[in-house]
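Novice: Okay, here's what each chain looks like letter by letter:
2 protein chains.
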Amino acid sequence: MEYGLYSREDLKKEYEKVLKEYESLKSKGLKLDMSRGKPCSSQLDLGEELFSNISGKDCIVDNFDIRNYGLLEGIGPCRKLMADVLGVKPSQVFVGGNASLSLMYGVLTVAYVNGLRGCMPWGKLDGFKFLCPAPGYDRHFAMSGDFGAELVTIPMTDEGPDMDAVEEAVKDPAVKGIWCVPKYSNPTGVIYSDAVIERFAALKPAAEDFVIMWDNAYLVHEFRGDYKPFPDIISLQEKMGGTAAIYEFFSTSKITLPGAGVSCVAASEDDLKGISAHWGYQTISYDKINQLRHVKYLKSREHMLEIMKKHAEIIRPKFDIFVKSFEDELEGLGIASWTNPEGGYFMSFDSMPGCAKRIVSLMKEAGIVLTGAGATYPHGIDPEDKNIRIAPTMPPEEDIRLAAGAMCICVKLASLEKLLEK
Amino acid sequence: MEYGLYSREDLKKEYEKVLKEYESLKSKGLKLDMSRGKPCSSQLDLGEELFSNISGKDCIVDNFDIRNYGLLEGIGPCRKLMADVLGVKPSQVFVGGNASLSLMYGVLTVAYVNGLRGCMPWGKLDGFKFLCPAPGYDRHFAMSGDFGAELVTIPMTDEGPDMDAVEEAVKDPAVKGIWCVPKYSNPTGVIYSDAVIERFAALKPAAEDFVIMWDNAYLVHEFRGDYKPFPDIISLQEKMGGTAAIYEFFSTSKITLPGAGVSCVAASEDDLKGISAHWGYQTISYDKINQLRHVKYLKSREHMLEIMKKHAEIIRPKFDIFVKSFEDELEGLGIASWTNPEGGYFMSFDSMPGCAKRIVSLMKEAGIVLTGAGATYPHGIDPEDKNIRIAPTMPPEEDIRLAAGAMCICVKLASLEKLLEK
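Going line by line, the protein sequences match chains A and B. Counting from 1, one number per residue, gives the positions in the first sequence under our numbering. Counting from 1001, one number per residue, gives the positions in the second sequence under our numbering.
Hints are computed from structural coordinates only; laboratory data are not their basis. Don't be surprised by glycine CBs; every beta carbon is placed ideally from N, CA and C. A few of these clues could be false.
Said to hold, decoys possible - Now the in silico label distances, taken between C-beta atoms and shown as ranges:
id, chain 1, residue 1, chain 2, residue 2, range
1, A, Ser41, B, Lys1309, 38 to 44 Å
2, B, Gly1127, A, Glu313, 30 to 36 Å
3, B, Asp1062, A, Lys228, 38 to 44 Å
4, B, Ile1060, A, Asp226, 32 to 38 Å
Sequences are here, hints too, so could you generate the full structure?
Specialist: Next comes the structure, spelled out in structure tokens:
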């Protein structure tokens, strides 16, 4: 029965019962960090080959000794591999260092300092705005905030950002860009529908230098079922006639080794040149030896997908534990809903309005760190205080079982507190 | 006898002779690139161990699995190693990715976008100026130029930048920084004198957010004689009472592998925090696995210096060839002077005024690419058109011999053309 239909008397009884469960939970003295989307150590072990799969003798690539300076855009075979994965041309790919975040920051820096497509640099404007589909990725929002952008929330739907809201917002020439995680969106796990992607590809913003920051971080990260083909927005834009500057990001951080992987950005050749011309001032070249390690290890798009199957075997059971716990403990109580994605690194959990912060704080008291409530919204403020991001990949299964059980207790407790205070 | 004392008749004869030598040089069809300070392949071979010296099992460092995300400032042992080399505290060191240029760009970006020490961001000012001791490093000057800084030339002396000029210039609050390569300065090879370093350490610029960009790229790069101890400017500043924000840069690009090395920046703890707080928006962490590879390979400051002795054995003969050629062919002609440094990657060559561009172009026609004339000055403009940077490390010795001989011919030819045109 839904809590909402309980008599006040029964609510109180239930509260006493759940409170006892919570006290017993606290007494276990747990210490778990589930705040970030980190791979677990058996996932990291999959990449062991990367520690020794090349030697100096392998380093002549296209007649160039890649141990030396040079090749700003990356080594040819790595550009080709990434192009195959993204469905673009190698000439549209710039391979960077270990973090796609740095490439995103690099695009915003050029836009802010030098200007894109010959437009006025954003830093010279009175102000500018950035669209943030929420719930979304906290690091995205924080990055544009660090450049002083006004962050405009766009509601997320089951098919991606609310495109009516996007199309309306981009009529304002002060709106300079939008953050997108188009496949297995962080944290909801939503895959943008074809209709949404087509509307992005056809978008004609008032600002000539409007950027679509297309962070395809989870493009190959299915953990249930086979790889789901995903349209390439860059060639689609040519067909649909949109005019936004699309920068698509990808990295191997959750395929090989986080922090020692390879990242890339894809864009039309003109938009790529506009960026790399300035990136040449900040580095002579990225780590091409690590690029070669990755080419040897990943081999091809097909082989990359095989490696992802191994990751899936490791992390799927952890998602299953959370889903099953929620179904067993919370379904029918009318106090929560959650996503059950088929890929990516997160589940999104919605509590009753006004309960998310309390749940995260109850969990923390019980020794389990979740991503801060509100983190998935611009400026860390969830207007309804209900969304929580769950990142179940890193702890071992026995800990996940404890955490999932603990979360159900905390959700119940916070909901009962809320219902009793009315 | 000096060319200047020749009769016009004799000058013409000499010109005919040298022109024939040049024609014969051109007929050799050489193809040599001496434009950049790149290590040669036998130097790169020294770092072979880096390709396989660690495995996943070594990756638990200070109880942290460094294969995963985290540790923005770098792994402890690498911060300690770099601190030992620079003579600072580990807490004053931030270890970055493969390029110290990126860290320099990162400092300028924070200054431009967010502001340093609570000051107005440079991007919000009507304009700002940067001091460029010249001849100096083209990439430094170009980087500050890319941020829109007005580049102010400061003359270089045999002891470092002209400190009277520096102290005068920093009275202007619009002057926001200076580029320094304090040991084996690029391209002159000058080591800043203790007096110059002390004046930097005591500098009290009008701008509170004035940065000394102390690029100690060649700190351990002696190729003649033993390592020459060099004062740590960060602790010296505490003693001398200067107020500038000092950021010191270093990398292993020319110790291990260019483009696959490890870079770092050192600063007072406050100035470091002011920067890294914003760097946290652009990356979660740098490549910590590569940092560990470097710790295992370099071991200690002492062992690093032993490795540098091996580099010295390889590159010293190449410098010797140039010095001997110039002495044999040009000494006494009154048309050129050159530096003979004991470390670093460059020699600086001064022709007669108005001849540098012509020499570089004659060399190019003969198939030898030098760094562009003027590159060592802000905006690439050498007011006297006389300075040429020589980068002899990359080509094999037999090619260096050809290039040095060729350069003497081209210098003579350009000088004779100049003298005959009067």
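Novice: Please list, smallest to largest, the hint numbers that this structure does not respect.
Specialist: When the structure is compared with the hints, only number 2 turns out to be violated.
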